[in-house]
Amino acid sequence: MVHWSTLPATLLLYILGTVAATRPETFKEELTLRPLRDGKVISRFSFSTLLEGGVPRNPEKIDAGNIPQHYTLFPLALGQVLQEYATTELHLSLNAGKWDYDRWGYPDEQEVGTGAQLWAWIGDGGSSSVDERWKGLRNALAGLFCASIGSLDEQRTTIPKLAFAPEGDLPAWTLPHQLRHATLPSETVCTENLTPFLKLLPCKGISGIATLLNPHRLFGADWHGMSVHVTWHAERGVEVRLAFQAVFDPVRLSFDKKRDWSLQSIFGRPIGKACPVASASRIVVELPTNEAYSIDPQPSTVQDGKAIYDTSNIESELNLALRWPLESEFVYPLDPASQPPSPLSVQRTMAGTSQSRGRLSVSIRNSLPSEIQAVYLETMPWHVQFYLHTLKISNGGSARDDLLSDIAYTPPVPHGRPALFESVLTLPPNSTTQLEMEVMKSFLRYTEHPPDAQRGWDLPPAVLVPLADVLRAPVNGSEPAGRRARIYTRVLLVDLATPDFSMPYNVIIMSCTLIALTFGMVFNLMTRRFVVVRLKTGPVAENAAEEKDKSI
Amino acid sequence: MDWREFRVAFPLLVSCRLLLALTPFVNSLGLDHNHQLSSPTNSYVRLQEGLFLFKHDIDPYAGGSFYHSPLYLSLFTTVLPTSRFVSRIVWTMLDVLGAWALVNIWRERQSVVRTSRDTLVAAAYLLNPYILLPNLALSTVSFENTLQLLVLLYACRRRPSPALLLAAILIHLSLYSALLLPSIALLLLSSPHSHLANPKFFTAYRHPNASLSTLLSYIGECVLYSVVLCLCCTVVAGGWGWVEKTWGVVLTLPDLTPNPGLWWYFFTEMFDHFRPFFLMVFSVHLLIYVAPVCLKFQHDPLFASFALLGVLGMFKPYLTLADPGLFLSMYSVFPEIFPYLSHPLPTTLLHLHASLLLPLFHSLWLNQGTGNANFFYASTLVLGMANGAALVDAIWAGLRIAIGGKESEDEGEIAVVQE
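So the sequence lines, in the order shown, correspond to chains A and B. Numbering follows numbering that gives the first Met the number 0, with no gaps: position 382 of the first sequence is 381. Numbering follows numbering that gives the first Met the number 0, with no gaps: position 68 of the second sequence is 67.
Calculated directly from the structure, the hints in this document are not laboratory data. None of the values given here were measured: they were computed from a predicted structure. C-beta: ideal position from N, C-alpha, C; glycine also. Some hints could be false.
Each pair of labels, with its calculated beta carbon distance range [claimed, not checked]:
#  : chain 1 : residue 1 : chain 2 : residue 2 : range
1  : B       : Pro-80    : A       : Ser-360   : 20 to 30 Å
2  : B       : Val-112   : A       : Thr-352   : 48 to 58 Å
3  : B       : Asn-26    : A       : Cys-189   : 28 to 38 Å
4  : A       : Thr-352   : B       : Val-25    : 15 to 25 Å
5  : A       : Gln-372   : B       : Asp-56    : 18 to 28 Å
6  : B       : Asn-26    : A       : Ile-406   : 24 to 34 Å
7  : A       : Gly-396   : B       : Gln-367   : 28 to 38 Å
8  : A       : Phe-522   : B       : Ile-402   : 18 to 28 Å
9  : A       : Asp-152   : B       : Asp-56    : 27 to 37 Å
10 : A       : Glu-191   : B       : Val-25    : 28 to 38 Å
11 : B       : Pro-343   : A       : Ile-406   : 54 to 64 Å
12 : B       : Ser-341   : A       : Ile-406   : 57 to 67 Å
Turn these sequences into a full structure, and let the hints steer you where they fit.
This is how it looks when you write it as structure tokens:
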């Protein structure tokens, strides 16, 4: 009980403390719309909140109790998770669909692997280990985003060395930071994940460009994915960036087979009002080249073939529309593009009909005139195990084992740990490089199968990280420098042998019967005495006297 | 010259096996991946994978799919090349060595230099499909079987040091072979001759030099060899990780790849909270047979070893067809029990039944996709019954022979039953 006389002083101290703890926060939002050659439109929302001067929590001070957190724009729910598990950097993505690099090019949000992916750089030290905090982090995020991230357990967690470098800065603490990475390709993404996502935004989905995040339209898109990125930059502070990316097909949505689109036609609603707390808010539309088009309303500025709309003040409803007035009907371009949208193209397949083994084959096409070095990363749950001795690399039909170097391999542990295969691939110019490897499909306990066991298991995408930046255009304002681009292959569905799920009791009964029978018969022979019975003479009673013991 | 004579027939058999092994057709069969012929603990493909990792400075025991002993690693990285052609010759020679050992065990048992049955005994080993096919699949179970026969041969010849050294190596390769140690010790202390028809206490057939101190010295010697081998393995593997991944695996069964044995489906379908209990039951169950068999057949320890091999050939955790195959081939060393077998025909038919069903149902389940796991499980039960029938019949005949009566005029007039 606080004494009455001290109450004003306590209140004052509290208010002062609150003011002192509050750091300047800025919120920026951006929507990029990019029409594609095949009539589709890529839309990418990016909401970034910067906590200026914020620093990640040092894990060694994790026992010192909770630090009061007072934010105005920064998402508190996420801030609490980051504080609790002393996480410096965090990247979560939830995607559905297969990103088609060959037609859609390299995405603005690069984490496009199907399903859920979570990776975090966590400071070592303090009373709780990195793995304990990683577990807590997964479970907290699972609760926060209503996703099965909690099942990204030890059987899914890997520590790649090269492919997932920190995208921000890491504080120079005495103990190093450690990476944890996990993927769950079978995760499905839907409305229940979008609602908590919107709740983290300062204007929710009520105003600003977040108004356009209409679940009815987003989850009907050809591809959609959301991501959360937490990074720390020494000179700026902690930045949380929430992003949503979707690929729409206006031709499919239109009645007259036109590729014309507007905010109303794609998202089902225009932007009604601006988000008042956003310090910057804009819509960027990449304009078509060598085609007649009309864009309505007139953009605030046009720069490098991009129309930019400032949406920080909206007087009337904004329903942006891009039209191709000379086109009566959209004709799908059958001729290949003059230059491929993505200089690297990766195909990964699993061959073989047997449920006990298969053949993994990866073919990577480098259409650049120069040689590329790239990190190739496979994280494979133990359900599928590599036979590395069968790994063959060929380029243009001839074996080239020299193309693969710096192999780092962590073998899988059944029921425990996934395999990690990371190596540096040299991709000769203008050619296709083939990797082939035999794999073994494991046999699982009946309790380890998912409820829909016959569907098969989704295998996580492989990741290709070119060491030189060849994938993206050099000018890309919002992308932080020094980030390496990653290409995700498609996920694979592998058919694992299933036991009969109704059999546990039967198997126990039948196997035990066979064992008991054999055991019983052997011990019968061992313990009971042999008796000779004369068959032809006299009744049996007389023969009892003639019995001859042979007991040894 | 009679072609049935051992001097002529044995080289013929060997050349047949060599020809078969080197036929390119065998490679195209894909036997390496066959689950009946090689289990995770002795598969050639996994051995290759382990060797590859070992040569690339990745600890093969850090992961989960390599369960071979470090002795194989040292053997294949130093002495033996790993090319498939050479491997086929080496594996065939292993079987030839095994057959030679079996013939010599037979000769020791009869204490003669040459008999007319030698060729038959050699053929029973070299042409036994249960032995032949795993060998063509390059399963390292061929190493285990050959070592097992060499151990028995040296024990028959009463040469304790080689017998115990080979037994120690064998235990390193396959832990459950340790169950045969008591019968091998008895064999070293007595004689390999057939005393089945004349059962007496062990002391009656004891070797004059045998005493408790001899037994203790054997135990000490075997422990010494095992310790030295353990240290060698640790040096080769660079740590103690191999213990969990070789011996631990046969006790905890982490890999549930199908095999013709009884364990895999049982532990696939086992409730998680009962798993440790039943693992214990299945392991201890194998121990139960050792003392009774050794006691009951103390007058004939070679037969006791034979019966224990039958038990192992049925109940081993990672069973391959070569395990019952060794037991069946060893039948040829005990022709005296043949007249007393009570149901040889049903046993044969069960084996025939099982050997047809196993590959068929395996393929239906895993390759064609038209059957399910229960099909293959059912065929492993049939093989289990066949093995059980062979084992029970051998023990019955081994005990029944003591009463005799098959050659006498009593034939058909008496019946031997158990009280």
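Against the structure, the hints:
Remark: the range hint 20 to 30 Å for B:Pro-80 to A:Ser-360 is upheld by a beta-carbon distance near 29 Å. Hint check: B:Val-112 to A:Thr-352, Cβ distance near 55 Å, so the stated range 48 to 58 Å holds. Range check, B:Asn-26 to A:Cys-189: Cβ separation about 51 Å, and the 28 to 38 Å hint is violated. The supplied range of 15 to 25 Å is met by A:Thr-352 and B:Val-25, whose beta-carbon atoms lie about 22 Å from each other.
Take A:Gln-372 and B:Asp-56: their Cβ atoms lie about 23 Å apart, and the range 18 to 28 Å holds. One distance hint, 24 to 34 Å for the beta-carbon pair B:Asn-26 and A:Ile-406, holds here, with the actual separation near 28 Å. For the pair A:Gly-396 and B:Gln-367, the supplied restraint of 28 to 38 Å holds, since their beta-carbon distance comes to about 33 Å. One distance hint, 18 to 28 Å for the beta-carbon pair A:Phe-522 and B:Ile-402, holds here, with the actual separation near 20 Å.
Between A:Asp-152 and B:Asp-56 the CB atoms are about 29 Å apart, so this pair conforms to the stated range of 27 to 37 Å. Under the hint 28 to 38 Å, the C-beta atoms of A:Glu-191 and B:Val-25, about 57 Å apart, miss the expected range. Between B:Pro-343 and A:Ile-406 the C-beta distance comes to about 56 Å, which sits within the given range of 54 to 64 Å. For B:Ser-341 and A:Ile-406, the Cβ-Cβ distance of about 60 Å falls inside the hinted range of 57 to 67 Å, so the restraint holds.
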